[in-house]
Amino acid sequence: MLKIKNLSVKTNNIEILNNLNLHIKAGEIHVIMGTNGSGKSTLAKTIVGHPQFKASKGEILFEGQNILKLAPDKRARLGIFLSFQYPTEIPGVNNASFLRMAYNTHQKSQGHPALDPLEFEDLLQNKLKIANISEKYLDRAVNAGFSGGEKKKNEILQMAVLEPKLAILDEIDSGLDIDALKSVANSVNSLKNKNNAIILITHYQRILNYIKPDYVHVIHKGQIIKSGDKTLAHKLEKKGYEWLITNP
Amino acid sequence: MKKQNIKNIANQKYKFGFKTDIESYIFKKGLNEKIITQISKNKNEPPYMLEFRLKAFKHWLTMPEPRWSCTTYPEIDFQDIHYYSAPKTNPKKENLNKIDPKLKKTYDKLGIPLLEQKKLEGIAVDAIFDSVSVATTYKAQLMEYGVIFCPISEAIQKYPDLIKKYLGAIVPYTDNFYAALNAAVFTDGSFVYIPENTICPMDLSSYFRINTEKTGQFERTLIICEKNSQVNYLEGCTAPKFDTNQLHAATVELVALDNASIKYSTVQNWFAGDPETGKGGIYNFVTKRGLCQGKKSKISWTQVETGSAITWKYPSCILKGDDSIGEFYSVALTNHHQQADTGTKMIHLGKNTKSTIISKGISVGKAVNAYRGEVKISKAATNARNYTQCDSMLMGDQCDAYTFPIIEVNNASATVEHEATTSKISEDQLFYFQQRGIDTEQAVSAIINGFCEEVFKKLPPEFSVEATKLLGLKLENSVG
Numbered sequence: 575m576l577k578i579k580n581l582s583v584k585t586n587n588i589e590i591l592n593n594l595n596l597h598i599k600a601g602e603i604h605v606i607m608g609t610n611g612s613g614k615s616t617l618a619k620t621i622v623g624h625p626q627f628k629a630s631k632g633e634i635l636f637e638g639q640n641i642l643k644l645a646p647d648k649r650a651r652l653g654i655f656l657s658f659q660y661p662t663e664i665p666g667v668n669n670a671s672f673l674r675m676a677y678n679t680h681q682k683s684q685g686h687p688a689l690d691p692l693e694f695e696d697l698l699q700n701k702l703k704i705a706n707i708s709e710k711y712l713d714r715a716v717n718a719g720f721s722g723g724e725k726k727k728n729e730i731l732q733m734a735v736l737e738p739k740l741a742i743l744d745e746i747d748s749g750l751d752i753d754a755l756k757s758v759a760n761s762v763n764s765l766k767n768k769n770n771a772i773i774l775i776t777h778y779q780r781i782l783n784y785i786k787p788d789y790v791h792v793i794h795k796g797q798i799i800k801s802g803d804k805t806l807a808h809k810l811e812k813k814g815y816e817w818l819i820t821n822p
Numbered sequence: 004m005k006k007q008n009i010k011n012i013a014n015q016k017y018k019f020g021f022k023t024d025i026e027s028y029i030f031k032k033g034l035n036e037k038i039i040t041q042i043s044k045n046k047n048e049p050p051y052m053l054e055f056r057l058k059a060f061k062h063w064l065t066m067p068e069p070r071w072s073c074t075t076y077p078e079i080d081f082q083d084i085h086y087y088s089a090p091k092t093n094p095k096k097e098n099l100n101k102i103d104p105k106l107k108k109t110y111d112k113l114g115i116p117l118l119e120q121k122k123l124e125g126i127a128v129d130a131i132f133d134s135v136s137v138a139t140t141y142k143a144q145l146m147e148y149g150v151i152f153c154p155i156s157e158a159i160q161k162y163p164d165l166i167k168k169y170l171g172a173i174v175p176y177t178d179n180f181y182a183a184l185n186a187a188v189f190t191d192g193s194f195v196y197i198p199e200n201t202i203c204p205m206d207l208s209s210y211f212r213i214n215t216e217k218t219g220q221f222e223r224t225l226i227i228c229e230k231n232s233q234v235n236y237l238e239g240c241t242a243p244k245f246d247t248n249q250l251h252a253a254t255v256e257l258v259a260l261d262n263a264s265i266k267y268s269t270v271q272n273w274f275a276g277d278p279e280t281g282k283g284g285i286y287n288f289v290t291k292r293g294l295c296q297g298k299k300s301k302i303s304w305t306q307v308e309t310g311s312a313i314t315w316k317y318p319s320c321i322l323k324g325d326d327s328i329g330e331f332y333s334v335a336l337t338n339h340h341q342q343a344d345t346g347t348k349m350i351h352l353g354k355n356t357k358s359t360i361i362s363k364g365i366s367v368g369k370a371v372n373a374y375r376g377e378v379k380i381s382k383a384a385t386n387a388r389n390y391t392q393c394d395s396m397l398m399g400d401q402c403d404a405y406t407f408p409i410i411e412v413n414n415a416s417a418t419v420e421h422e423a424t425t426s427k428i429s430e431d432q433l434f435y436f437q438q439r440g441i442d443t444e445q446a447v448s449a450i451i452n453g454f455c456e457e458v459f460k461k462l463p464p465e466f467s468v469e470a471t472k473l474l475g476l477k478l479e480n481s482v483g
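Protein chains in written order, with the working numbering: chain X, 575 to 822; chain Z, 4 to 483.
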């Protein structure tokens, strides 16, 4: 589904990703781990087309199509979703309306009919259950005044509504207490199926107790230095990044 | 109003820029006593009205043209304007089926229902074309409730007592330069009278359309609400695209007696001038004032100003009656070369009076947007309360936003609150929308609508839909 070939990415003329390669198939969960500044978030933002990051070399093929030239909203409509590390607050814009706008935009691009507010509300009820988030968050402005955990759950709610083919979860575990973490992991697992794929970006092993990865990749200085399965994550937890960097 | 899908709207420019090809009777340009006398004659006005006009004109001649606003524009040659233009087919007919088809077509194109059979939403409409009212719907039905809704030209003939009592009482011709000019040459507008203990059974609206080039429009509206009565009034306006500027100097007076309530909403979409060059466009210089005469009376101004080359107006409330309430909700959008200097005055005179001001200014392109507000608490105004919130949003790096709040408190028991914010649409917010598949235009529209929500909520539903669409249209192509 996703083929990243020899990708190099700069920002402010500083190279952050350096000849990165990654291959993800439908039905897989890939975990990306690394220290701060290793390039994890940059990778996520480059895939979704954040204007701050420019690919100086390489290509990203999504279902065979090089998406590097596509605008972010176009990429999103192809079925790529990013759960932001720090979701932005949008005062004045109602959460339910925002969800419906996003949903209908995706529907339209696939030639399906748009839903009116009442029809959408029916659909939302089910999604609220999956995301394990209270209905009262629908009446509020997008992320405005939400706690860290609530913001992450709101990202999961959006994922549940949009049902992306590729979901990139950027540190979805950061700032969550154990209950919230379990809830989020549960939601992700229930949304996972054999036709979609997930890239899970994290520092810590903990979430992997609840979400079973197919592959674990360690990123360092903009390159993937080691790939393995779940046991790699355990090793990291025990021995630390420093050890792995010197013992690839 | 017509519903259109977003795509159609986004692909249109100022769609009201067309001109109706209709024979009109136009006075030659210039302003003098002879012209004023002729205007009065054309309208069959009784002598008291001509006297009113001439007095105002004499005073106007002694006044210097005001130039203190934040806006800049070339000198206005007051002799280079036609002060009267009316369609030749004398359209004022009681039977609306006999309206000149060209005129009817114009209003159809604008989405204004003139024929009662085709009514949408049951709103009574007074349609003003250049200097005359061409149709007023539902007059007879409203009369059954004792509600008078007719052009002011008609009220001057039929209800002289009311006119003599109130016309110019709230905005005297001495008030300012344009008020004096308007008092001298006012053309037409609406007259509304709601008798005691009556809630007006339908919303009333006026629709102003300027058609003839180089014609000034000097609309005059007077709304009177007796004890315990209520009315909702909507004002809409458009004009064709001409290269030259046109002057719209209106005066609106409202008076609410004991326990009465007037809600006055405006969605203004005058031609704003050429987006590239700034040429043309309407000068919208307006004096609007509401007098809360009675105890517990309430006057509410809601405006969405998106058009005009220059908007210069301060809809105000004089809170004379004890426990009276004044409200001002405004969204002023300026784009390309537009300029706005707008705001309100809340004058607290009675006891326990309350005023609320919520002003949202959006400045885009090379535009200038100024909020000017005055909150005055007089010595006798015990226990007065005011809340003002004044927010500016800037889009792009060539636009300007200014705020001039003036607060004058002469009574120590007053509570006055003022909050102000200045913001930009953040890149992060835009990207969040984009990552959810929503394009930039829609994202900006959603964010701006969120910004204006508090004000849009105050508009009657049919206007609120129109205002949202209008804002989207005006912001088109402005991001980048």
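Honestly, the hints are just simulated from the structure, not real lab data.
Treat the numbers as computed from the prediction; the structure is a model and nothing was measured.
Glycine included, every Cβ here is placed at the ideal spot set by N, Cα and C.
Accuracy of the hints is not assured; some may be wrong.
Residues from chain X shown here face chain Z by an in silico Cβ test under 8 Å; the list is partial [as the list claims (entries may be wrong)]:
no.	residue
1	H624
2	G638
3	I641
4	L642
5	L644
6	P646
7	D647
8	A650
9	L656
10	T662
11	T679
12	H680
13	N769
Legend entry - Enumerated hints in conflict with the structure, sorted upward: 2, 3, 4, 5, 13
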